[in-house]
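Residues per chain are reported as follows:
There are 2 protein chains.
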Amino acid sequence: MSRAASHDVPHAFADAFGLLRPHFAALDICLRKQLTSFEPEIREMADYCIDTSGKRIRPALVFFSGWRDSAAVAPGLVQASAVVEMVHLATLVHDDIMDGAEVRRGRKTAARVYSPAAAVLLGDAIFAHALNLAARFPTTEVCLAVSESTRRVCAGETVQTLRRGSTDVSEADYRRIIDLKTAELFRVSCFLGSRLGGFEPGYVEAASLFGRHLGIAYQIYDDLVDFFGDEKRIGKTLGTDLLSGKLTLPLFALLERLPESERPALKDEIRGGQKPQLALRLRQMEELGVFSAVVKAVDAELALAVAALAPWPKLPPTPLLLGLTEVLRAQIAGLRR
Amino acid sequence: MSRAASHDVPHAFADAFGLLRPHFAALDICLRKQLTSFEPEIREMADYCIDTSGKRIRPALVFFSGWRDSAAVAPGLVQASAVVEMVHLATLVHDDIMDGAEVRRGRKTAARVYSPAAAVLLGDAIFAHALNLAARFPTTEVCLAVSESTRRVCAGETVQTLRRGSTDVSEADYRRIIDLKTAELFRVSCFLGSRLGGFEPGYVEAASLFGRHLGIAYQIYDDLVDFFGDEKRIGKTLGTDLLSGKLTLPLFALLERLPESERPALKDEIRGGQKPQLALRLRQMEELGVFSAVVKAVDAELALAVAALAPWPKLPPTPLLLGLTEVLRAQIAGLRR
Numbered sequence: 001m002s003r004a005a006s007h008d009v010p011h012a013f014a015d016a017f018g019l020l021r022p023h024f025a026a027l028d029i030c031l032r033k034q035l036t037s038f039e040p041e042i043r044e045m046a047d048y049c050i051d052t053s054g055k056r057i058r059p060a061l062v063f064f065s066g067w068r069d070s071a072a073v074a075p076g077l078v079q080a081s082a083v084v085e086m087v088h089l090a091t092l093v094h095d096d097i098m099d100g101a102e103v104r105r106g107r108k109t110a111a112r113v114y115s116p117a118a119a120v121l122l123g124d125a126i127f128a129h130a131l132n133l134a135a136r137f138p139t140t141e142v143c144l145a146v147s148e149s150t151r152r153v154c155a156g157e158t159v160q161t162l163r164r165g166s167t168d169v170s171e172a173d174y175r176r177i178i179d180l181k182t183a184e185l186f187r188v189s190c191f192l193g194s195r196l197g198g199f200e201p202g203y204v205e206a207a208s209l210f211g212r213h214l215g216i217a218y219q220i221y222d223d224l225v226d227f228f229g230d231e232k233r234i235g236k237t238l239g240t241d242l243l244s245g246k247l248t249l250p251l252f253a254l255l256e257r258l259p260e261s262e263r264p265a266l267k268d269e270i271r272g273g274q275k276p277q278l279a280l281r282l283r284q285m286e287e288l289g290v291f292s293a294v295v296k297a298v299d300a301e302l303a304l305a306v307a308a309l310a311p312w313p314k315l316p317p318t319p320l321l322l323g324l325t326e327v328l329r330a331q332i333a334g335l336r337r
Numbered sequence: 001m002s003r004a005a006s007h008d009v010p011h012a013f014a015d016a017f018g019l020l021r022p023h024f025a026a027l028d029i030c031l032r033k034q035l036t037s038f039e040p041e042i043r044e045m046a047d048y049c050i051d052t053s054g055k056r057i058r059p060a061l062v063f064f065s066g067w068r069d070s071a072a073v074a075p076g077l078v079q080a081s082a083v084v085e086m087v088h089l090a091t092l093v094h095d096d097i098m099d100g101a102e103v104r105r106g107r108k109t110a111a112r113v114y115s116p117a118a119a120v121l122l123g124d125a126i127f128a129h130a131l132n133l134a135a136r137f138p139t140t141e142v143c144l145a146v147s148e149s150t151r152r153v154c155a156g157e158t159v160q161t162l163r164r165g166s167t168d169v170s171e172a173d174y175r176r177i178i179d180l181k182t183a184e185l186f187r188v189s190c191f192l193g194s195r196l197g198g199f200e201p202g203y204v205e206a207a208s209l210f211g212r213h214l215g216i217a218y219q220i221y222d223d224l225v226d227f228f229g230d231e232k233r234i235g236k237t238l239g240t241d242l243l244s245g246k247l248t249l250p251l252f253a254l255l256e257r258l259p260e261s262e263r264p265a266l267k268d269e270i271r272g273g274q275k276p277q278l279a280l281r282l283r284q285m286e287e288l289g290v291f292s293a294v295v296k297a298v299d300a301e302l303a304l305a306v307a308a309l310a311p312w313p314k315l316p317p318t319p320l321l322l323g324l325t326e327v328l329r330a331q332i333a334g335l336r337r
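Order-wise, the sequence lines are chains B and G. For the first sequence, my numbering gives the first residue as 1, with consecutive numbering after it. For the second sequence, my numbering gives the first residue as 1, with consecutive numbering after it.
Bear in mind the hints are in silico, worked out from the structure with no lab data behind them. Treat the hints with care, as some may be off.
Identical chains share a label here; the pair holds if one copy fits it or two copies do between them.
List of simulated lysine to any residue pairs, SDA-like, C-alpha gap at most 25 Å [as the list claims (entries may be wrong)]: (1) Lys108 / Met98; (2) Lys275 / Ser115; (3) Lys314 / Leu335; (4) Lys33 / Arg176; (5) Lys267 / Ser115; (6) Lys296 / Leu309; (7) Lys55 / Pro138; (8) Lys33 / Glu141; (9) Lys33 / Leu144; (10) Lys267 / Gly54; (11) Lys314 / Arg105; (12) Lys267 / Glu41; (13) Lys314 / Ala265; (14) Lys108 / Ser166; (15) Lys55 / Gly18.
Whole structure, please, built from the sequences with the hints as guidance.
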């Protein structure tokens, strides 16, 4: 196992998270320890799924939101971050089945290694264990919050799956989907961190709202990367959302900017009626200012995230959380236009 | 919604559960109420999955194990039975994907209606909500027990899925799989019922052990039905386990009884190397006493279940739980040989 791998963590994030080195090390130990709870027959497979060397944005949100003292790594925050990371990893295992993905972060997906059927059940087992770890807190609060979030994440993914290849989706639908599938887990990460960190209810609410808007911003950024990213750096081919019929904000922005007569052809590409003209669509996106329109949408969400914390400039988590918005801004600045 | 449907409940079970009419009515209301917690976009789909008109053996175990007074329907038992039933229904939704099943209990499966991808996510959402309901008890105990059981059920299903079409499976492997995939949820149903019913720790342990052995017996019976059932009554074709390469106890018993020279052909049928000769295998099973051998295995488990409760003949749940073993015996007696 090599979970420490930072080579695939975008540089700016890695810098921001340098502060969290001891926390991530404790998270590693915690995740590894969870494997001993899995039945021996599926332990190795669960290990394969859990060992993803991901960016760990959600654990970072838990740790930063509960920040009290840089020297101490609070065990409760480690446990909560393991819970949200396992929920996230389980959703990735199931996502990769839907997407027919063969590779994630340079490794074969669980569906590819163990069969899609086994991957469904492995994802289930990881979900179940995440909730089991959540139930090991003294009260039911963590389990209540995480199980509700998990249901919302799955609801968002369900809607996204059913709308795939459909152009009968509004930008409001898209925003609702990313609010559920991505922002929800960002939100609950901040909720758990600030709550376990012992902050006052008003701050817990503010941190949760911050997490939600950061999550929306992050997903819009991620959808932007799918068209404007650096293939080598993100480790996947561009335009997969268009190819798989997923209507994301860059596509909404392009549709809006194309002359009305040219829209049916793009819609037909989204519906899979004809092969997407990816090079043309990328060129049109650049020519018609799609990039800056989408960046504007990200900025608007980041502004809401920042505003949520404005009344509490002096609490220890605030500068750290605000730092994450800067990290995202820097990531966007690094994208080609 | 018509969850009261008893037409597909085997007669003897229906009789035994007549006592539970008000409890099942309360369970219906509770399950229906849960739907309001689901996100509007997936509520109708969740309803479709939850509305299965099943046999409700697990809820019956919860109610009987917690039995104090026939007149009162304890809300805690209703809630716990809704939790285990939802976990069970979620596993069915995912099972039907693995099996490529088109129909369950006379209705199209969720995978068939909404696509397998959507069914994966819907099952996830139902799992998550079951754990959310479990987290609404005053302490973490229910959530702890149910999440651990769920992980074990998924572990059992994973192993079964990976071993499908393999003859490199021992009878011990088979018993381990059914202990996890079926007996575990029976066990936790009895655990929750007796615990929430306020019985002493020794009885909670005994009831849990009873549930486990009843679960093993029930699964062996179910595997027997796949070869010796009445097609009309069970609503599916016989021999599906052989056709899908699932090595169950009747097949172990047949393999053991066949002359050594004839075993490779049957093994090849299990591995899918050649089309299963179902009529021949059924005839051989009858001729070689497979039926009675498997019934003996069921009886052995039922004896262990009964023995677990022997020290507590006077506690109210005991006669009711023992009644369930009689129901299973009557079911078996009703099978053709």
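Do the hints match the structure? See the list:
| no. | hint | result |
| --- | --- | --- |
| 1 | Lys108 / Met98 | both (15 Å within a copy, 21 Å between copies) |
| 2 | Lys275 / Ser115 | between (29 Å within a copy, 23 Å between copies) |
| 3 | Lys314 / Leu335 | neither (32 Å within a copy, 74 Å between copies) |
| 4 | Lys33 / Arg176 | between (36 Å within a copy, 24 Å between copies) |
| 5 | Lys267 / Ser115 | between (33 Å within a copy, 22 Å between copies) |
| 6 | Lys296 / Leu309 | within (20 Å within a copy, 68 Å between copies) |
| 7 | Lys55 / Pro138 | neither (29 Å within a copy, 36 Å between copies) |
| 8 | Lys33 / Glu141 | both (23 Å within a copy, 21 Å between copies) |
| 9 | Lys33 / Leu144 | both (23 Å within a copy, 17 Å between copies) |
| 10 | Lys267 / Gly54 | neither (34 Å within a copy, 43 Å between copies) |
| 11 | Lys314 / Arg105 | neither (38 Å within a copy, 60 Å between copies) |
| 12 | Lys267 / Glu41 | between (47 Å within a copy, 23 Å between copies) |
| 13 | Lys314 / Ala265 | neither (53 Å within a copy, 76 Å between copies) |
| 14 | Lys108 / Ser166 | between (29 Å within a copy, 24 Å between copies) |
| 15 | Lys55 / Gly18 | within (12 Å within a copy, 55 Å between copies) |
Going through the hint list in order, the structure does not satisfy hints 3, 7, 10, 11 and 13.
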